[in-house]
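Protein chains in written order, with my numbering: chain V, 212 to 345; chain R, 3 to 291; chain S, 594 to 711.
Treat the hints as calculated values from the structure; they're not laboratory data. The model shown is predicted, which means the values in this text are computed figures rather than measured ones. In this text, a Cβ means the ideal position worked out from N, Cα and C, and glycines have one as well. Where hints are given, some of them may not hold.
Now the in silico label distances, taken between C-beta atoms and shown as ranges [said to hold, decoys possible]:
hint	chain 1	residue 1	chain 2	residue 2	range
1	R	123	V	228	22 to 32 Å
2	V	219	R	126	50 to 60 Å
3	S	619	V	243	28 to 38 Å
4	S	620	V	228	16 to 26 Å
5	V	330	R	254	52 to 62 Å
6	V	306	S	616	12 to 22 Å
7	R	158	S	619	40 to 50 Å
8	S	699	R	289	24 to 34 Å
9	V	324	S	657	31 to 41 Å
10	R	157	V	219	42 to 52 Å
11	V	275	R	28	48 to 58 Å
12	V	324	S	699	39 to 49 Å
13	S	657	V	243	24 to 34 Å
Sample of chain V residues with no beta-carbon within 10 Å of chain R, all distances over it, derived [claimed, not checked]:
hint	residue
14	228
15	296
16	316
Listed below are the residues making up each chain.
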Amino acid sequence: MTPQSFVTVYKEWDIVGARQIAREMAKELGFNVVDQARIATAVSELARNIYLYAKEGQIHYEVVETMNKKGLCVRAVDTGPGIKDISLVMQDGYSTSGGLGAGLPGVKRLMDEFDIQTKVGEGTTITTTKWVRL
Amino acid sequence: MESRFTRIVVENSNTIVQMWIKEIDSLKEVNYTATISDSLYDSTNREFAEVIFTSIRNQGSTNAVEEFSGKIIKLGWPLSYITDGLQAFRRVTTDFILSQSEKVDTDYFSNVLSSVNHWIEPIIRQLVNDYTGSWENILSLQRVALQELSAPLIPVIDGITIMPLIGTIDTERAKLIMEGLLQGVIKHNSEVVLIDITGVPVVDTMVAHHLIQAAEAVRLIGAKCILVGIRPEIAQTIVKLGIDLSDFATKSSLKKGFTSALEITNRTIVDLESKEEKVEKLIHLLQGE
Amino acid sequence: MPIPILKLHNYLLISIQTEIDDQTAIEFQEDLLDKIHKTGASGVVIDLTSVDIIDSFIAKVLGDVVAMSDLMGAKVVLTGIQPAVAMTLIELGIHLQNILTALDLEQGLIKLHQELGV
Ligand SMILES: Nc1ncnc2c1ncn2[C@@H]1O[C@H](COP(=O)(O)OP(=O)(O)O)[C@@H](O)[C@H]1O
Ligand SMILES: [Mg+2]
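Generate coordinates for the entire structure from the input sequences, incorporating the hints supplied.
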């Protein structure tokens with residue numbers, strides 16, 4: 212498996228594909244079963260948000276390695292409508308689509324690092340990383 | 003210049019080793035355990051000397067050094083045995099080379115010092131590296147052992163499991179505890195788990211939050227969680243902090259928790275013979291004598 | 594591929610064996626309500642032993658199914674939720690409150706029995 216790859220999300224079924232790749236990579240990197248589930252679920256949330264709110268985008272996967280740790284970095288990129296109020300969408304239960312509103316705040320809890328870059332009318336990039344627990 | 007010093011030292015290795023051994027013998031009493039036998043101490047010293055000379059001759063071969071450090075680590079001798087030994091070697095050798103030279107000026111003196119340092123330093127570096135490597139190893143082993151110890155799961159009877167928690171709970175540990183808890187519930191096919199927090203010194207909002215999450219996860223996989231061992235001061239902090247444990251089954255003691263776990267699993271404890279009956283029998287027996 | 598729904602006396606048994614995509618989840622919801630209506634089943638066990646991911650969407654569908662079945666007079670028990678899935682759900686902030694659970698299918702049936710007081 213290449214250390215960096217991506218999938219395009221524009222059909223509903225792509226959400227399943229995106230999270231399956233995430234789980235595979237997480238497994239290969241040595242994440243335990245619970246962390247594999249955390250990562251796959253986080254990717255599922257990000258991919259679904261792309262599908263629901265931006266129509267199309269990509270999920271990028273990258274193996275990151277520093278001197279003393281190893282992890283998986285996932286980046287969800289779209290050129291959709293962007294997010295007006297980040298602190299609002301990060302609240303548990305906030306949803307504009309009748310969803311549970313658990314996606315973004317949930318991803319933040321499931322992963323170790325989390326960052327949103329967004330601009331209304333231009334799109335959203337969410338970067339999130341999980342480190343292998345030693 | 004350095005090769006000349008090397009020749010002096012190698013040619014006189016016997017004398018130097020003897021001087022060195024005398025020097026470190028005096029260290030034994032002060033520093034190391036009396037449990038090390040004289041013969042082991044002697045043979046190890048000789049080996050140490052051999053390693054140092056091999057390294058000088060080969061200008062820093064690390065194989066012999068590595069093997070030696072491995073052995074010392076296995077013997078469990080302190081790092082100071084090695085550093086003291088090398089310091090003594092530095093002193094002895096410097097003195098020896100200087101005693102062999104007719105004219106000694108500051109330049110010459112600093113040349114001798116730098117040559118000797120040049121021999122010793124790679125050995126020290128290697129040995130200290132090996133030592134810290136093994137410490138890190140031990141540390142990580144201890145960490146794993148601690149993690150396993152930190153949340154044992156005890157299947158007391160069919161369907162009922164107890165997890166006694168001891169010590170401080172941080173986020174990292176809480177996750178491990180939860181994983182262990184859930185895996186254990188599945189493994190032992192438990193209907194009820196009792197989490198005993200008697201041994202948890204402080205229950206703040208963070209700890210309470212983790213406990214609530216654990217209980218909810220247990221419910222999701224299909225079992226029931228009872229929090230037991232709630233001491234008065236913990237009950238006070240929980241209420242004062244405004245933590246809501248109302249959805250959470252709690253009991254003050256493990257005993258009470260166990261009784262309610264028995265109820266949940268449709269069981270009761272029956273004494274096969276009551277105390278009174280036992281006493282009666284005893285009296286009967288005594289009277290019969 | 595639709596998720597098969599089995600009938601056992603007045604219970605319905607479902608064991609989800611495949612990775613659930615959104616479409617399948619929605620279709621399942623409709624199928625189940627339909628089956629409850631047709632059979633008049635009083636209890637449903639949904640076994641999730643083989644499911645290794647439940648995200649917020651699938652969780653919502655499951656929660657909705659339980660609430661809707663309840664409205665139609667059928668109690669639902671979810672069984673076999675994997676530890677990793679349970680932890681992930683909790684961290685997502687999804688608690689599936691007021692939902693009956695059991696360790697496996699067999700205990701799920703026992704639970705239904707108790708709940709329905711048969
Ligand atoms: N990629 C995105 N582009 C635009 N808006 C988004 C994006 N992702 C999330 N949002 C907004 O953030 C809200 C919260 O998202 P989330 O936490 O996943 O909950 P939900 O998807 O259930 O609504 C969404 O309802 C949507 O308005
Ligand atoms: Mg979402």
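* Asked: What are the numbers of the hints that this structure violates, sorted from low to high?
  -> Violated: hints 1 and 8.
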